[in-house]
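**Student:** Put together the whole structure using the sequences plus the hints.
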Amino acid sequence: MTTGLAKVLVLALLPALGACTHIGAQPWQRDVLARKSMQLAREPAIMAFDEHTYFSKEAASGGRSFDGGGCGCN
Amino acid sequence: MCAEDAVGIPAESAPQTNAYDQTASEVGALVADTALLIYQEDNDRVRAIEAETGLTWNAADGLIVSGKFTYDSLTGATPNGALRSRYEQTFVPPRKTRFILGGLVPIDSHTGASGRYTAAPNQLPVDKGFKDHREAYDLGVTLPVSETLKLSLGGNASSETDYSSYSARASLAKDLNGKNTTLSLGFNYERDSIRPFTGVPRALSYMGDMIVGGAKVKQVYSLVAGVTQVLTPGWLVQVNYSFGTSRGYMTDPYKIFTLVDTVTGDPFYYIYEKRPERRTRSSVYAATKFAIGSAVTDASVRWYHDSWGIDSMTYALAEHMPVGTAAYVEPGLRFYRQTAANFFYHYLGIDNPTPAYVSSDSRLGRFHAWTFGLKAGAHITRSLELYGAAERYVQEGQRFDRKAPGVLAHTDLFSGSRSVSLISGVRFTFH
Numbered sequence: 001m002t003t004g005l006a007k008v009l010v011l012a013l014l015p016a017l018g019a020c021t022h023i024g025a026q027p028w029q030r031d032v033l034a035r036k037s038m039q040l041a042r043e044p045a046i047m048a049f050d051e052h053t054y055f056s057k058e059a060a061s062g063g064r065s066f067d068g069g070g071c072g073c074n
Numbered sequence: 001m002c003a004e005d006a007v008g009i010p011a012e013s014a015p016q017t018n019a020y021d022q023t024a025s026e027v028g029a030l031v032a033d034t035a036l037l038i039y040q041e042d043n044d045r046v047r048a049i050e051a052e053t054g055l056t057w058n059a060a061d062g063l064i065v066s067g068k069f070t071y072d073s074l075t076g077a078t079p080n081g082a083l084r085s086r087y088e089q090t091f092v093p094p095r096k097t098r099f100i101l102g103g104l105v106p107i108d109s110h111t112g113a114s115g116r117y118t119a120a121p122n123q124l125p126v127d128k129g130f131k132d133h134r135e136a137y138d139l140g141v142t143l144p145v146s147e148t149l150k151l152s153l154g155g156n157a158s159s160e161t162d163y164s165s166y167s168a169r170a171s172l173a174k175d176l177n178g179k180n181t182t183l184s185l186g187f188n189y190e191r192d193s194i195r196p197f198t199g200v201p202r203a204l205s206y207m208g209d210m211i212v213g214g215a216k217v218k219q220v221y222s223l224v225a226g227v228t229q230v231l232t233p234g235w236l237v238q239v240n241y242s243f244g245t246s247r248g249y250m251t252d253p254y255k256i257f258t259l260v261d262t263v264t265g266d267p268f269y270y271i272y273e274k275r276p277e278r279r280t281r282s283s284v285y286a287a288t289k290f291a292i293g294s295a296v297t298d299a300s301v302r303w304y305h306d307s308w309g310i311d312s313m314t315y316a317l318a319e320h321m322p323v324g325t326a327a328y329v330e331p332g333l334r335f336y337r338q339t340a341a342n343f344f345y346h347y348l349g350i351d352n353p354t355p356a357y358v359s360s361d362s363r364l365g366r367f368h369a370w371t372f373g374l375k376a377g378a379h380i381t382r383s384l385e386l387y388g389a390a391e392r393y394v395q396e397g398q399r400f401d402r403k404a405p406g407v408l409a410h411t412d413l414f415s416g417s418r419s420v421s422l423i424s425g426v427r428f429t430f431h
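First to last, the sequence lines map onto chains A and B.
Numbers 1 to 74, taken from this note's numbering, label the letters of the first sequence in order.
Numbers 1 to 431, taken from this note's numbering, label the letters of the second sequence in order.
I should point out that these hints are in silico values taken from the structure, not numbers from a laboratory.
If you're wondering where the values come from, they're calculated on a predicted model, not measured in any experiment.
Heads up, the beta-carbon is just placed ideally off N, CA and C, and yes, glycines get one too.
Among the clues, some could well be false.
[Said to hold, decoys possible] Coverage of chain A stretches by chain B, computed from C-beta distances (three or more under 8 Å per stretch; other residues unrestricted):
#: 1; segment: 25 to 39
#: 2; segment: 43 to 49
[Unchecked claim] Residues from chain B that keep clear of chain A, each with C-beta distances beyond 10 Å, as calculated:
#: 3; residue: G28
#: 4; residue: T262
#: 5; residue: T354
#: 6; residue: D401
**Tutor:** Below, the structure written as structure tokens:
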């Protein structure tokens, strides 16, 4: 668990990389970020079905957004 | 290391050769999205068919209004929490009571839903009488408060025969640094009512004892705070911290627990399980998207901990790969593992004092799970898109405990699930 937490913290601190260069994208460089394939929640229906399955079958939930799910879930 | 020069191919060198390189912006468009899931567990356990249909209106001024309807039907068999045994086992539901002449008189409920049933020798005891359907409605609106601030509000209602749930949510998203940084903060409140088909059994009491009520309530408060950071023109990172607290009835009213003979290891007695009425959960979720040409790598990790003693890690990796000019495929892999709740036991000896809380639900036990998936999508026209996914989900855990008494040392204790999910969807955009 500790190593897992360490990995998460490393990812969390990635934005600090900006200390070594200018990070981000200028307005004229945003075409890649604007692509369908670059959206964080790309296929909402598939994501919702997957989250429902994992919520029903696993003890952990949430993270990406709110947990819960409103089902008895056998 | 400063990776900016190595990634994030500038616009000039990434010609738009695939439909999924087009902008995701749907400003001024109405999007209709309908999808179907067929979910089947191995060994004729749970089967779910879930349909979802939604409409999203993206107004020109940034206002977004969405509505979604979900219907699912569930059939099949679900483990009841009891151990496999070398003998046939018979299970009976709790007894309902009737108020007659000032006294509570039991009535026979053994013929109703989840009534009396048996499990064959050496077979995992499952309740085959389980059958339900669910309808859920979700409404959401995103309001542009200013150029860089958005407020989202939403609500959800979900209803099953034995379960209903209502929730309301609100969140704020603030863009900073020329939209390279987005901070978000959201809150969700959920209230659930549980009305078991059998009535609410008396926790920790013997199987077949009289019920103690008809309905119970659970409330969940959740908070999510996050930051999304663009690192280069082709690389972004998201980190979320979530905290949730639940209060109320979290026991599974259909699950029982086996007390065994500590010499022979045979089932001796069954009691209804009991879980704490409070649970706090926290998680840190980090995800990244990284583009090289038209391909996009999507990786995420989640660390989770709750007050029931469950720790879990989840890792997911997917690679979006363009196919031709109009399609993509996306193979994906997910690994999940969790430790057991501190009140999880496969069984207890009849001689041992029963703890305050006890459950043998495999979802609260120690296991790990793999998901192998393949997603795909194609633009048939500019407005019409088809998509789908096929997934195999496999839970694995310790099957045998060689130190267990008697026959239990050779009894398969694991009851985790394995399933296949098939998803297909169609999306139409009215420009």
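**Student:** Work down the list of hints and note, for each, if the structure agrees.
**Tutor:** Hint check results:
A count of 15 residues in the segment 25 to 39 of chain A with a Cβ less than 8 Å from any Cβ of chain B is obtained; the coverage claim is therefore met, three being the minimum. As drawn, the segment 43 to 49 of chain A meets chain B at 6 residues by the rule of a beta-carbon pair under 8 Å; at three or more, the given contact holds. Against chain A, the non-interface label of G28/B holds: every CB pair exceeds 10 Å, the least being about 16 Å. Listed as outside the interface, T262/B is consistent with that label: its C-beta sits roughly 28 Å from the nearest C-beta of chain A, beyond the 10 Å cut-off.
The Cβ of T354/B sits about 22 Å from the closest Cβ of chain A, beyond the 10 Å cut-off, so the non-interface label holds. Distance check for D401/B against chain A: the nearest CB is about 21 Å away, which clears 10 Å, and the non-interface claim stands.
The structure meets every hint from the earlier list without exception.
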